[in-house]
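Novice: As a plain string of letters, each chain reads:
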Amino acid sequence: MESKLVKYPVPTEYQSEQGKLNILGFWIFIAAEIALFATLFAVYGVLHPRTANGPSGAEIFVIKDVVIQTLLLLTSSFTAGLVIHQMRQGSVKGLVTWFVITLLLGGGFLFMEIREFIHYVEVGAALQVSAFTSSLLTTLGTHGAHVTLGLIWGICLIIQMLQRGITPKTASKVHIWGIYWHFLDVVWIFIFTFIYVGGLI
Amino acid sequence: MNTEKSFPYSHIVGYLISLALTLATLLVAFKTALPKGTIMLILAAFAVAQAGLQLVMFMHMTEGEDRDSKVVHTIYAIFMAAVIVFGSIWVLTAGHPIY
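Sequences listed follow chains W and R, in order. For the first sequence, position 169 matches number 169 in the working numbering, and the numbering has no gaps at all. For the second sequence, position 98 matches number 1098 in the working numbering, and the numbering has no gaps at all.
Honestly, the hints are just simulated from the structure, not real lab data. The beta carbon of each residue, even a glycine, is placed where N, CA and C say it ideally should be. Errors might be hidden in some of the hints.
Derived coverage of chain W by chain R (criterion: at least 3 residues anywhere in the stretch with Cβ under 8 Å from a Cβ of chain R; other residues may be distant) [unchecked claim]:
1) 18 to 30
2) 54 to 61
3) 65 to 79
4) 82 to 93
5) 135 to 147
Here are the simulated lysine to any residue pairs, SDA-like style, with alpha carbons at most 25 Å apart [said to hold, decoys possible]:
6) W:Lys64 - R:Thr1032
7) W:Lys169 - R:Val1056
8) W:Lys20 - R:Leu1019
9) W:Lys20 - R:His1073
10) R:Lys1036 - W:Pro9
11) R:Lys1031 - W:Ile201
12) W:Lys20 - R:Thr1032
13) W:Lys64 - R:Ile1042
14) R:Lys1031 - R:Phe1007
15) W:Lys64 - R:Leu1034
16) W:Lys93 - R:Lys1031
17) W:Lys64 - R:Leu1026
18) R:Lys1031 - W:Val62
19) R:Lys1031 - R:Leu1019
20) W:Lys93 - R:Ser1010
So the derived list for chain W, only partly shown, Cβ under 7 Å to chain R, looks like this [stated by the list, open to error]:
21) Tyr14
22) Ala35
23) Ala38
24) Phe41
25) Thr193
26) Val197
27) Ile201
Full structure from sequences and hints, please.
Specialist: Following this line, the structure appears as structure tokens:
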């Protein structure tokens, strides 16, 4: 076993049995998240033409803001990848630096989304207006709630990383957070493509 | 333990491809005169490509001892997602003339 480890070096997050199991367990949780967002997309797909007397997507979506949100989240997904990269270089400083940048980009995304929701309410597209607005705001809100949780989770991990450094235990936690953050970007790609762009053509 | 190159080439390539796919999505959607169905098919292909890129290049799905479990389980989840989305839309909209 010892010689095998030397021959094929394993990243820190896979070095403990618990870390490995936690990462596998989180992938199983991600599958449940995929099913959760699939139900939201299914509801939106069925209900989006039902606008009652309220506005339709094409009337309320602001493509410029949506593109900014997309770029913020896409870039934060890239920098979250660099967090894991720095962790595997053994650099706590690099890890924390990119982690903070990632969370700032995520915070910027969340700020844009809150502004977007305020805009929707102002133009008469509040949650209770129609089946379209209900399904739209539920889908976007569920994604936004996940981003919020990811930000709080990330702040906790930064504090722990500064206190304990890169150990098999903290490394697996950061790796799991990374999976979660990239997953939120994956969900956003589908929201961007099918809800916003699809609604505007 | 250092298992990767010190410069993150694959991350940068992944990021640039993601940006290119996002730009391509906007161009195909707003700068072409194709029928809506064709546009949505192309956009769906772009979205799936970008999601796959995230899974493999950023989420480290295909590494570690448990890689087979992770890959098979995630592919099954994606299959279930497709059944839930397309199945629901098909069952709940087919034959309803509001569309």
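Novice: So, for every hint listed, does it hold in this structure?
Specialist: Each hint, compared with the structure:
1. 18 to 30: It holds, with 6 qualifying residues against the three required.
2. 54 to 61: Coverage by chain R is violated for the stretch 54 to 61 of chain W (0 residues, Cβ < 8 Å).
3. 65 to 79: Holds: 7 residues of the stretch 65 to 79 of chain W have a Cβ under 8 Å from chain R.
4. 82 to 93: holds (count 6)
5. 135 to 147: violated (count 0)
6. W:Lys64 - R:Thr1032: holds, 18 Å
7. W:Lys169 - R:Val1056: holds, 23 Å
8. W:Lys20 - R:Leu1019: The given pair, whose Cα atoms are some 32 Å apart, is violated under the 25 Å limit.
9. W:Lys20 - R:His1073: holds, 16 Å
10. R:Lys1036 - W:Pro9: violated, 50 Å
11. R:Lys1031 - W:Ile201: The given pair, whose Cα atoms are some 10 Å apart, holds under the 25 Å limit.
12. W:Lys20 - R:Thr1032: Given pair W:Lys20, R:Thr1032 is violated - Cα atoms ~47 Å apart, limit 25 Å.
13. W:Lys64 - R:Ile1042: holds, 21 Å
14. R:Lys1031 - R:Phe1007: Violated, because 37 Å separates the two Cα atoms, which is more than 25 Å.
15. W:Lys64 - R:Leu1034: Measuring from Cα to Cα gives roughly 22 Å; hence the hint holds.
16. W:Lys93 - R:Lys1031: Outside the cut-off at roughly 44 Å; violated.
17. W:Lys64 - R:Leu1026: Roughly 11 Å separates the two Cα atoms, so the pair holds.
18. R:Lys1031 - W:Val62: Between R:Lys1031 and W:Val62 the Cα gap is close to 17 Å, so the pair holds against 25 Å.
19. R:Lys1031 - R:Leu1019: holds, 17 Å
20. W:Lys93 - R:Ser1010: Holds. W:Lys93 to R:Ser1010 sits at ~21 Å (cutoff 25 Å).
21. Tyr14: Holds, about 5 Å.
22. Ala35: For W:Ala35, the interface hint holds, since the closest Cβ of chain R sits about 6 Å away, which is under 7 Å.
23. Ala38: holds, 4 Å
24. Phe41: holds, 5 Å
25. Thr193: Nearest chain R Cβ about 4 Å off; hint holds.
26. Val197: holds, 5 Å
27. Ile201: holds, 5 Å
The structure is inconsistent with the numbered hints 2, 5, 8, 10, 12, 14 and 16, although it conforms to all the rest.
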